[in-house]
Amino acid sequence: DTAVSQTPKYLVTQMGNDKSIKCEQNLGHDTMYWYKQDSKKFLKIMFSYNNKELIINETVPNRFSPKSPDKAHLNLHINSLELGDSAVYFCASSQGGISGNTIYFGEGSWLTVV
Amino acid sequence: GNSVTQMEGPVTLSEEAFLTINCTYTATGYPSLFWYVQYPGEGLQLLLKATKADDKGSNKGFEATYRKETTSFHLEKGSVQVSDSAVYFCALSDRGSNYKLTFGKGTLLTVNP
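Residue numbers (this note's numbering), protein chains in the order written: chain A, 1 to 114; chain B, 1 to 113.
These are computed hints drawn from the structure, not numbers from a lab.
It cannot be assumed that every hint is accurate.
As the list claims (entries may be wrong) - Within a straight-line C-alpha distance of at most 27 Å, the following computed DSSO-like cross-link-like pairs (lysine-lysine) qualify:
id : chain 1 : residue 1 : chain 2 : residue 2
1  : A       : K19       : A       : K40
2  : B       : K68       : A       : K44
3  : A       : K41       : B       : K105
4  : B       : K56       : A       : K44
5  : A       : K44       : A       : K19
6  : A       : K41       : B       : K60
7  : B       : K105      : A       : K36
8  : B       : K105      : A       : K44
9  : B       : K77       : B       : K105
10 : A       : K44       : A       : K9
11 : A       : K36       : A       : K9
12 : B       : K77       : B       : K52
13 : A       : K40       : B       : K77
14 : A       : K44       : A       : K67
15 : B       : K52       : A       : K44
Claimed, not checked - If you want the footprint, here are the derived chain B segments under chain A, 3+ residues with CB under 8 Å:
id : region
16 : 59 to 65
17 : 88 to 95
Just so it is clear, CB atoms sit at the ideal spot from N, CA and C, and this is done for glycine as well.
Just need the whole structure built from these sequences, with the hints factored in.
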């Protein structure tokens, strides 16, 4: 019973392609996130949605577009992939608006752009 | 803005050694503090957390105490095992940042038998 699941786990694609990463959580949380982990393991938030509404958008290129069809899903679409987009992308969820609430992470999607 | 500074790695220890990973923070509000662990090839797991000053979070033999006066949340374990080898991240969240997690840069721990 995976709490936060994301697919695919591994993705190798060519520059210029468009790709999507899907995320689903079965925890009943109302807030979902996308984080990016670079080659030096540094983690930075990209987006956050609360009840399908965008609440955090952290200086991410327009080529990245999140979509939340319902509060259990948050997908990430990336247009015109560049070499620098190679990273691990983590989806996460929490019950938002409450101090100290744990954010639960998926297992990550390893994206390699060649 | 918020920021987290944790000791640079990598840290290499022998089994049963004592572990300390230092973490200090800067926050505009009153944050909650977390330690996450990432085992090789896996995602992030919450290790422990503390939500107010002087709280001690603990799990799997790891401990960290929320020290408001020194803005610190150092991670400790009395006797590490090979299976503790992983990357450890200190993080904070607060209301002013919509409860997003701000992470430190991570500390790679390797425990040798």
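Here is what the structure says about each hint:
{"no.": "1", "hint": "K19/A / K40/A", "in the structure": "23 Å, holds"}
{"no.": "2", "hint": "K68/B / K44/A", "in the structure": "24 Å, holds"}
{"no.": "3", "hint": "K41/A / K105/B", "in the structure": "7 Å, holds"}
{"no.": "4", "hint": "K56/B / K44/A", "in the structure": "26 Å, holds"}
{"no.": "5", "hint": "K44/A / K19/A", "in the structure": "20 Å, holds"}
{"no.": "6", "hint": "K41/A / K60/B", "in the structure": "23 Å, holds"}
{"no.": "7", "hint": "K105/B / K36/A", "in the structure": "13 Å, holds"}
{"no.": "8", "hint": "K105/B / K44/A", "in the structure": "10 Å, holds"}
{"no.": "9", "hint": "K77/B / K105/B", "in the structure": "20 Å, holds"}
{"no.": "10", "hint": "K44/A / K9/A", "in the structure": "19 Å, holds"}
{"no.": "11", "hint": "K36/A / K9/A", "in the structure": "14 Å, holds"}
{"no.": "12", "hint": "K77/B / K52/B", "in the structure": "21 Å, holds"}
{"no.": "13", "hint": "K40/A / K77/B", "in the structure": "25 Å, holds"}
{"no.": "14", "hint": "K44/A / K67/A", "in the structure": "19 Å, holds"}
{"no.": "15", "hint": "K52/B / K44/A", "in the structure": "24 Å, holds"}
{"no.": "16", "hint": "59 to 65", "in the structure": "violated (count 0)"}
{"no.": "17", "hint": "88 to 95", "in the structure": "holds (count 4)"}
Going down the numbered hints, you'll see the structure goes against just number 16.
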